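Undergrad: Listed below, chain by chain, are the residues.
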Amino acid sequence: MLEQEKIIEHLDAVFRDMESRLNGRAGSHLHTLHKASFEALRSTHFPDRKHEDWRYTPVQRLISPKYKLAEKKQQYNIAEIPELDAFKIPVINGHVILDGVDAALKSAGVIIRPLQEAMQISSPENISSRWLHTVMNTSNQAFELLNFAFHSGGILIEIPKNLSLSKPIEIQIIHDDPEISFSHPLYFIHAAEGSNVTVIERFEKNSTSPDATANGLINALTFIHLEKNAGVKHIRWQDLPETQSLVYKLAVAQSRDSRFESFAFDFGGDLIRNNIDVELDESNTYTSLQAGYLAKRRQSFDHQTRINHKMPHCESHELYKGIIDEQASGAFNGKVFVHPDAQKTNAYQQNDTLVLSSNALMNSKPQLEIYADDVKCSHGATIGQLDEKSLFYLKARGIDPQTAKHILKAAFLAEVLDNAPVEPLRNYIRSRMALDA
Amino acid sequence: MKPLIKITDLHVSIDGKPILNGLNLTVNKGEVHAIMGPNGSGKSTLANVLAGREEYTIESGTVEYEGEDLLSMDIDKRALAGIFLAFQYPVEIPGVSNSNFLKSIINAKRKHQGLPELNALEMLKFIRAKLNAIEMDESLLKRSLNDGFSGGEKKRNEILQMTLLEPKLAILDETDSGLDIDALRIVAEGVNQLRSPERSFIVVTHYQRLLNHIIPDFVHVLSNGKILATGDRTLAEKLEVEGYDWIKESNSVTA
Ligand SMILES: Nc1ncnc2c1ncn2[C@@H]1O[C@H](COP(=O)(O)OP(=O)(O)OP(=O)(O)O)[C@@H](O)[C@H]1O
Ligand SMILES: [Mg+2]
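Going down the list, the protein sequences come from chains V and W. Heads up, the first sequence is in this note's numbering, so the first residue is 1 and it goes up one at a time. Heads up, the second sequence is in this note's numbering, so the first residue is 1 and it goes up one at a time.
Next comes chain V alone, as it looks inside the complex:
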């Protein structure tokens, strides 16, 4: 039997097991969606390394473990970020813990709905409900279908018109199960016209059982829709246990005059696949994607971005900075499409990498496809090592070699980290990096 067939056969058993536990909720909207997605997944092959966009991700290592669905769990403990005042939303093993959602969010005006409920709102003017249906019925990507087939609910976060949220929303994602298991966090964030919000997605260990030994896969999907003149800042911080992998997809759609900024910081985990997909549906938008990452051991970090400039006067920036050490590998593939109508586009992309060991590997591939003539687009990629002269300077002041290297690594990532919003989070990430020295 082919590897893919074996995997589907295994997933089939997991799916039937999941259905057997639905008690009564079969036939619901979500269940219908689960079923349709699983059927679609059956006929959709998981990508392999022959697939251009998956050439540098060891997909087999991701999908061959015989995952079961991670059990629902209420006990969790995620270390607080000192001084961070945020609206918390805990997500444990793919389940949003609704009781744990900060009640102040509601009083601040934010609406949180389980997807089950959100999808059933039938009023035609409810944009977000329609949006959910469209998104979930049009996906044809294997890992998305896997999420839609197996997710355990998910939520819609609605930021109402003209609301500027005073504190960030902190979504805390933990995967913690003693067995080989996967979980499928799913959320939709709808930023209505003129609203402003900062969203932190924090993938970390359960601090009450930090040394997870069983293989775990988090297959997370985040959708963000920015209406006219909305502003969203998004930060993803990831420090998962070494046994866990993450397939992450962020799909963003931007309307006129909206501003979207995303920062991703990856330090932990095993295989990390980060996909960001931005659709610029209307004109005069601003998009910035930045990332800083530090891969060691046999970690594999793969960043895939796609920015689709469809309309005129949109501006996008990308800055990806990574350090690849020991036997780790990294990949960056930055796609930028500029359609014929997208005149006056500004699109800039830069990928800088330090490769610190002869066994470490980095693949960097810009991919700009430009079909408009009045545009400014640029891209660049550098690969280098720690600067010997700088190392000498630090050591000549009495700093030990290990610390000197660490200082230079942190300095390399500082360019991205210093740009990120939410100071307590920046400080937290800095202190976590310091542990790496």
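These are computed hints drawn from the structure, not numbers from a lab. Just so we're clear, the structure is a prediction, and the values are computed from it rather than from any experiment. All clues given are correct.
Beta-carbon label-pair distances, calculated as ranges:
no. : chain 1 : residue 1 : chain 2 : residue 2 : range
1   : V       : 380       : W       : 60        : 44 to 50 Å
2   : V       : 432       : W       : 193       : 37 to 43 Å
3   : V       : 75        : W       : 150       : 54 to 60 Å
4   : W       : 150       : V       : 80        : 41 to 47 Å
5   : V       : 376       : W       : 245       : 56 to 62 Å
6   : V       : 213       : W       : 67        : 50 to 56 Å
7   : V       : 75        : W       : 119       : 35 to 41 Å
8   : W       : 60        : V       : 61        : 50 to 56 Å
9   : V       : 357       : W       : 147       : 26 to 32 Å
10  : V       : 243       : W       : 67        : 48 to 54 Å
11  : W       : 119       : V       : 98        : 42 to 48 Å
Where a beta carbon is used, it is the ideal one built from N, C-alpha and C, also for glycine.
Mind docking chain W with the ligands on chain V? Use the hints.
TA: Just chain W with the ligands now, kept in the frame of chain V:
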């Protein structure tokens, strides 16, 4: 008295090209030695080799520092043992804040001495006092290390580090070049305040001017990787007037 540092018949090359060719130099505690010499004669090479720069090949010779084999010591251990090099060309390191860097080097030294780290307030007071003494602009603390500093600001930052670390042997590699007259005087004062019977200096310079402020005990002329002449401060005055040619000639006579 035991010398602080004793360099004996030192031969150093880079990429197979000989640069130091049998250099001898002994510096006792409390002494100030000036080294002058034509461009490319090996002055910075000597300074860098003492600090431990690894791209040079030590072909032969020995360097004893406080009775120990300096050449086998790690770079950071040399610094902790009291050797300080004020760089001719200080490195710019974007992303490392100057103040954090200064804290790191102070605490590295304190750790080595078995002292507790200074807290943020003590640190600030300590750095501020030294900074004011050399009339350095406090805003330079917030910037990235040497990043975009003017030539003079970089040199002042080197002197600041020297006064913070209070080394036993300070090697100043052309710290005076690029400084305006006021800055030169301030830097020289910084050095003079540190002068003590326990502390020694090797001052590399092209200009006698600096030596009017920092009065050396000895002046050496380094040429072609060797010390060709040694005298007192009057040697520097003679060099200022007559240049190096007469030494090269007299050398060819004695050779
Ligand atoms: N990394 C290197 N690679 C090749 N040659 C080098 C290197 N570093 C120094 N040299 C050579 O070694 C010689 C001595 O250089 P050094 O910098 O020690 O001279 P210096 O006496 O300090 O000169 P200056 O007065 O100009 O500062 C020069 O010929 C220089 O070109
Ligand atoms: Mg020099």
